[in-house]
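Trainee: Make a model of the complete structure from these sequences and hints.
In order, the protein sequences belong to chains E and W. Those letters in the first sequence? Residues 1 to 110, per the working numbering, in order. Those letters in the second sequence? Residues 111 to 222, per the working numbering, in order.
A few of these clues could be false.
[Said to hold, decoys possible] Below, a sample of chain E positions facing chain W; criterion: calculated Cβ distance under 10 Å: (1) PHE9; (2) LEU10; (3) VAL12; (4) GLN37; (5) ALA41; (6) ALA90; (7) ASN94.
Hints are computed from structural coordinates only; laboratory data are not their basis. Glycine is no exception: its CB is placed at the ideal position from the N, C-alpha and C atoms.
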Amino acid sequence: GEDVEQSLFLSVREGDSSVINCTYTDSSSTYLYWYKQEPGAGLQLLTYIFSNMDMKQDQRLTVLLNKKDKHLSLRIADTQTGDSAIYFCAESFNDYKLSFGAGTTVTVRA
Amino acid sequence: KAGVTQTPRYLIKTRGQQVTLSCSPISGHRSVSWYQQTPGQGLQFLFEYFSETQRNKGNFPGRFSGRQFSNSRSEMNVSTLELGDSALYLCASSWGQGLGQYFGPGTRLTVT
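Mentor: Following this line, the structure appears as structure tokens:
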């Protein structure tokens, strides 16, 4: 997605925290999402946040939103080998047409 | 609840042919969206249907079309296939605005 940028790769040690960053350009974005894609699979919705929120926590996942800087991050606590996947950030104005970033490949090493 | 299902999972077609892909949303979901995923272009929005009406459309040529039935199941059709249409086609369904989109496993289309 041309309107959403992510770093392409992240390597993290098992048990550490992972932080995946994303920036978006559309200030009218109302909904921001994180999806996970494992090899040969579709996209799994991890979590989403409304633009009027700063933070959302869901078990090991924490989403932080800086609306002023149009910056979104996903923190995964206690990263496990099963967290190795591609993570996509996405934004939408109306929640029906999503614009995705290129995806961040997360590799968890022992 | 069963998830979003897509059929077929894999498809091989020849240039110039046409193809129809099918998507069954999660029970109760009335919005169905389609996306194309390729290594070069990433994930791109094709179109979205709600109550049998196309509500949103992406920037794809007219060879790409879709429809939704009264039971919310959706199909997308690609006519006059080109090599560049080789991709993973993903369908997503949603119950309503602000509740997130849930994706199926995709249909891998290869055009030779």
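Trainee: Next step is simple, just say for each hint if it's right about the structure.
Mentor: Tested hints:
{"no.": "1", "hint": "PHE9", "in the structure": "15 Å, violated"}
{"no.": "2", "hint": "LEU10", "in the structure": "17 Å, violated"}
{"no.": "3", "hint": "VAL12", "in the structure": "23 Å, violated"}
{"no.": "4", "hint": "GLN37", "in the structure": "9 Å, holds"}
{"no.": "5", "hint": "ALA41", "in the structure": "6 Å, holds"}
{"no.": "6", "hint": "ALA90", "in the structure": "8 Å, holds"}
{"no.": "7", "hint": "ASN94", "in the structure": "7 Å, holds"}
Checked against the numbered hints given earlier, this structure breaks hints 1, 2, 3; the rest are met.
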